[in-house]
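Participant: Heads up: the sequence lines are chains A and B, in that order. Using numbering that gives the first Met the number 0, read the first sequence as starting at 0 and increasing by one per residue. Using numbering that gives the first Met the number 0, read the second sequence as starting at 0 and increasing by one per residue.
A few of these clues could be false.
[As the list claims (entries may be wrong)] Stretches of chain A that chain B covers, calculated by requiring three or more beta carbons in the stretch to come under 8 Å of a beta carbon on chain B: (1) 57 to 66; (2) 76 to 87.
[Claimed, not checked] Mimicking EDC-like on lysine to aspartate or glutamate, the simulated pairs with C-alpha atoms at most 20 Å apart in a straight line are: (3) A:52 with B:400; (4) B:310 with B:281; (5) A:52 with B:306; (6) B:134 with B:147; (7) A:114 with A:80; (8) A:86 with A:73; (9) B:61 with A:121; (10) A:153 with A:112; (11) A:52 with A:116; (12) B:424 with B:400; (13) A:2 with B:401; (14) B:24 with B:147.
[To be verified] Chain A is faced by these chain B residues, among others (derived, beta-carbon under 10 Å): (15) 336; (16) 347; (17) 379; (18) 392.
These aren't lab readings, by the way, just hints derived from the structure by calculation. Quick reminder that beta carbons are idealized off the backbone N, C-alpha and C, glycines included.
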Amino acid sequence: MVKLNVNGASHDIDIDPATPLLYVLRNELKLNGAKFGCGLGQCGACTVMVDGKAVFSCLTPAMLVEGREIKTVEGLGTIDDPGPMQKAFIEQQAAQCGYCIAGMMMRAQALLEAKPDAADADIRQALEPNLCRCGTHMRILRAVARARDLMQGKSADTMAPIAATGRG
Amino acid sequence: MKRFWIGVLVLVIVCLAGFAAYAWKPAIDPIEPPQRSSFDQALIEKGAVLASVGNCTACHTKPGGKSFAGGLAVPTPFGTIYSTNITPDPKTGIGRWSEAAFSRAMREGVERNGDHLYPAFPFDHFTLVSDQDNKALYAYLMTRHAVESRPPANELPFPLNMRFVLAGWKLLFFDKGAYREDTAQSADWNRGAYLVEGLGHCGACHTPRNIMGAERKSAHLAGGEAEGWDAFPLDRSSSAPVPWTHDSLFAYLRQGWHADHGVANGPMAEVTGNLGRLPDSDISAIATYLISRMGAPSPERAAAAEDIRKKLSVDQGGTPIPASATTGSPISRGGAIYQAACATCHDGSRPQPFGGIDFHLSSIIAARDPQNAINVVLFGLPAASGRESPIMPGFAATLTDDQVADLLGYLREAYAQKPAWADAKAKLADTRSGKYRVSIRPSDGIERGPGNVGAKD
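So here's chain B without its partners, still in its complex pose:
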């Protein structure tokens, strides 16, 4: 018996030692911060475009702060993580990181000093990025203005504040390795997949996460959550009333809106704003790949879309009244609110993007979750600074919770022919009280972009 327990003990020690060996990452020696002149200009420019694909600025710049200096609070279900300073400042940024250290961070989610990084930094996607692209990103970041700024310490409970725990997370959920071409697909498709799954990290928002905060591989791109917004499904379960096509998705990503789908809002506004730097060929490749993930729409969906098109071509200016809208019913109250407060823009003569979308076309109204509809009704779409942009006033001060609920119920039934969301009231209360945090962005998405007007530099 004694021998048995010794055996167990040895096994435990071996396992612990094995995990320690797996978890332990060496520090990579600091370097003298490289001179700007040591980087090729073309490489820096390539890196600028890639940084836009990665939307690096979204997390690594605090609104109104210096570009890439970090410090943005990223709320997670586990606690608050503050983004790091990725300017080349030698003390507080990545100025003393070698290219090898940078590439390792992208590939493996490990800091220069050997600490594991939290998966709020999407290394599970960035691991796919090629060496050449990492080289260009490094050149770009190392030639930005160095900003001395240390982000606040993360607010995470024990044991999540111990970084070696992350090695366990990686063991369970992280597949390391560069992108592998799917030879059965076109070069265009592969380019799109590389951008979407890798640096673009679309799945970080558009894939649901499990209880440990890892993307659920079985539900890839099936819709997730981002900064208080419902990130719509990019697979077969897309809620778009008129199914996305390659051309409409290309135009939406290129210009931030499309007549069949409306204006990019919430965190997506920033994404489409950043994608403005990409060549058309890359945006087209992204569209090719995503459309293949969505698949051809079912005959029923295609027919429903055709109905909507027909309705919109003949029924200009009509407000649908559902059969259930009897006098004094919530649906009829909601219809009256729509008619009086919303129709001016959403059923007016002004075309998109400066006029409102007809709700027959709205993915938000057709979505399974009411969150985006709640966000838009309460907070609207703020104007962008210094350039023309779509805008919608928020109705938080005008509409009571009951009134918003009536309005949402009407919109659901009249435009999506679906029953009112059962969880709308609870979500509405949490959103209004601030218990559920929502980030509000202007529509053009440039507010925190590298060439932006929001950052003070």
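Pulled out of the complex, with its shape left as it was, chain A reads as follows:
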């Protein structure tokens, strides 16, 4: 039995404590936002937040995160009321196939919670561990920069154009 706190709700789950968090989220809790990509911590599709920091859930046994605050993309907002990160990704149409996007959003969320005024270069650097096979990086970078501005309460027309990330 493992006790996990996910998106603010507490769950007692009857699993082998060594089960990767990713499997627990997807198979037991039916939170299918985080994806299985490589299983080796090399692609970032499984990224979730633990105590505010981005971690690879595929390499994180559930027993290590008992009693800690786990947040998945489902915790950022709902379809009817998307959070600023989700809103920005929708606005920028940053997904192509979408497989990497939940991981991208969670790593970006962790960055912006730690550094609300992250520069475009910080965003680029922070997202380095997350891969996108479709090549929508430019839109992803733009979306994260937009999310930063939304979180800081800037409206669309006062936002500076994002030059560094170019066209996408």
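Model the placement of chain B on the given structure of chain A, informed by the hints.
Facilitator: Below, chain B without anything else, positioned relative to chain A:
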């Protein structure tokens, strides 16, 4: 009595005058920056290889900055020293240095204007470099892009910020003079010694330093510290579970990893990356010399290595469980963490360097100091830019200090058959908080190399 005190006074004055004469170095006149065409192309190319041996770029280039423009903060126990601009810029670099001034800096650690240089610049090794090699290095550096950039002022407390004090340091610790062949040894050995002890300055990291920051001559290559990493011993006290051989060391230095030892990490990654420019004969010479310093392994060590080989040939995929791993013990918790978080790569089917090393072979787990194990667990091994490279995710956000400590204890006991490191927890806390600074580099070591993808030029 009065005569006695006058005598003492005279003696003091004579001593001070003697020290002043020793400490005072004349300026060497500035020159008009030489034209590129005044240097022979072959000499420039030779200098490029030598600059790689010297790993000049590691300190003299700021990551992401212009090559050789300096400004990198080098933390020392005494304060922060900023590396200098060694591009041929006439105002902020060495553009107005004559070859004589350059050679003197290498030989004696003295700036063109006569100031003493801090031993963060390893002139105690570079003094061994031959005139011909200095000539080539000069040709190479003087034909780089000139970059106008002045490094920040050093942050050193009084009196260390007074450069004449360094003359005293030199008096105590510095042996000036070119490399002298050991005629009892082979030409190959001598070439290796020349490269290792001179331009390669291996001892700058791999030899422990005394309280004054000088290498301890009695503990030459016995293991030191570099940018927050434990620089392993290169002498008889090497912690490698399978002892180094000429061939394995050659391959490791040539390609940055070896199946018996793993992947170069930390500052060593950059070193092996730079050594890629050397001819095989030089790398082989380095290996010859270092293996002679390590000496033949003791029968016990050789037998232990043989045991490891046997184990690895038959026991593929098995996870060792030490006898002390009773339910709920730290060792058993650590074993569970290893099994769940590490074994996927470190006990998987993927061979090195892209798969993880089996910890029976790891010098890091067998080492006397836990620092490298802490660094790798927390920060992993970042991917190199733009080319395939080994990679390991860091576990700083996943594992709490207690969990890391349990894991390290398990790895020590299960794989090195040694007790857990007593100082692991304290070092872990200091490393995580940033009080103890660690530089993190990608594995291939090319990030700041002269032909690199990290510098913006």
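Participant: Which numbered conditions among the earlier hints are violated in the structure presented, ordered from lowest to highest?
Facilitator: Violated hints (numbers, rising): 2, 4, 5, 6, 7 and 14; every other hint is consistent with the structure.
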